[in-house]
Amino acid sequence: MVARLQREGVPLDLETHLTRPHSPLGMALLAHLLPARDGMHTCIVDHKDEDGGSHGLAQMRQRPGRHEYIITFMAPALSSGSGAHAIWQRLLNHLAVQAGEQGGQRLYAGLPDEGEEYQIFRHAGFVAYAQEIVYHCVNLPQLPSTSPLMLRPQCERDSWGLQQLYAAATPRAVQTAEGSGQGEWELLRPRWLSQPWRRGYVWECAGEIRAAFQVRSTVTAHWIRLLYHPDDLNQVDALVVAVLMQVLKGNRNRKILWAVRTYEAGLAVALGEYGFVPVASQTLVVKHCAVWAREPALHPVAALNGKAEQAAPTVKYHV
78 MVARLQREGV
88 PLDLETHLTR
98 PHSPLGMALL
108 AHLLPARDGM
118 HTCIVDHKDE
128 DGGSHGLAQM
138 RQRPGRHEYI
148 ITFMAPALSS
158 GSGAHAIWQR
168 LLNHLAVQAG
178 EQGGQRLYAG
188 LPDEGEEYQI
198 FRHAGFVAYA
208 QEIVYHCVNL
218 PQLPSTSPLM
228 LRPQCERDSW
238 GLQQLYAAAT
248 PRAVQTAEGS
258 GQGEWELLRP
268 RWLSQPWRRG
278 YVWECAGEIR
288 AAFQVRSTVT
298 AHWIRLLYHP
308 DDLNQVDALV
318 VAVLMQVLKG
328 NRNRKILWAV
338 RTYEAGLAVA
348 LGEYGFVPVA
358 SQTLVVKHCA
368 VWAREPALHP
378 VAALNGKAEQ
388 AAPTVKYHV
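Counted the way the working numbering counts, the sequence shown spans residues 78 to 396.
Take these hints with a grain of salt, some might be off.
Said to hold, decoys possible - Computed list of lysine to any residue pairs in SDA-like fashion (alpha-carbon distance at most 25 angstroms, straight line):
1) K332 to G160
2) K326 to D314
3) K332 to I286
4) K326 to L226
5) K326 to L220
6) K332 to T297
7) K326 to P355
8) K326 to G180
9) K326 to E350
10) K326 to I286
11) K332 to H213
12) K332 to R249
13) K326 to T223
Hints are computed from structural coordinates only; laboratory data are not their basis.
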């Protein structure tokens, strides 16, 4: 069933879709063989009735080191009909419950800019908070022999400076959606070889972190995110060059993908001057999950002391 549904679905996280070679079936098999790997969860709807039944698939993975999950794939596509809207609603409700049970505070997805997906997610309690465009380097020009800016590797003592930079560079609504960026720019070692290798660098000026970038590398691609202070727009071109020179010190055969949010002024223009073209876009959405309490309240309300019964699951859940 998974093999069939993976050909009929919609990727809902461009980073996963563009940088990782595994199919949804491959991800499900890896998660079954290695349950701790990548916090990947696969949910299946398999409902039979006199009309033949309905079938659906959804996958989500945990963001490394964070109490957050991101939905990476859902099937069948809404355009297929066959009760797809109802299947998606059931899958989304189950994913939100499952994320909360696992301690997840937020559940994310990246939706196609045009389509019915947003309405389904909105009815399930998701809120849009940013637009993101992915650029691919297709014709890199000659870079200078020396970097225009001095970047250094990110280290643990940079946490406070990065938090200040994030607060200055990110709209308040996005900060709320992302939990003030907690963990967004922290570096963690991958637990498995198949997880992206994550590196970070910062640019300091007068003892203050004014820009930072991270690159997550897989066997096929580099995925870049840049954070810079809004008062340093005149340095965006230099930052792009410095980042590319740092990334290209490694394997030059990987694709270079750069994720740009629409509120990041000047970055798209600078990338266009260095051989980047837009290849995909997504609307970022989030739902804040209800995290299950692991311990009983010390003073429960009398009216709530009755025994709670667990509801029957509406979908089959497979790890």
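Tested hints:
{"no.": "1", "hint": "K332 to G160", "verdict": "38 angstroms, violated"}
{"no.": "2", "hint": "K326 to D314", "verdict": "19 angstroms, holds"}
{"no.": "3", "hint": "K332 to I286", "verdict": "28 angstroms, violated"}
{"no.": "4", "hint": "K326 to L226", "verdict": "16 angstroms, holds"}
{"no.": "5", "hint": "K326 to L220", "verdict": "12 angstroms, holds"}
{"no.": "6", "hint": "K332 to T297", "verdict": "6 angstroms, holds"}
{"no.": "7", "hint": "K326 to P355", "verdict": "24 angstroms, holds"}
{"no.": "8", "hint": "K326 to G180", "verdict": "38 angstroms, violated"}
{"no.": "9", "hint": "K326 to E350", "verdict": "20 angstroms, holds"}
{"no.": "10", "hint": "K326 to I286", "verdict": "23 angstroms, holds"}
{"no.": "11", "hint": "K332 to H213", "verdict": "7 angstroms, holds"}
{"no.": "12", "hint": "K332 to R249", "verdict": "32 angstroms, violated"}
{"no.": "13", "hint": "K326 to T223", "verdict": "13 angstroms, holds"}
In summary, the structure is inconsistent with hints 1, 3, 8 and 12 from the numbered list given earlier, while agreeing with the others.
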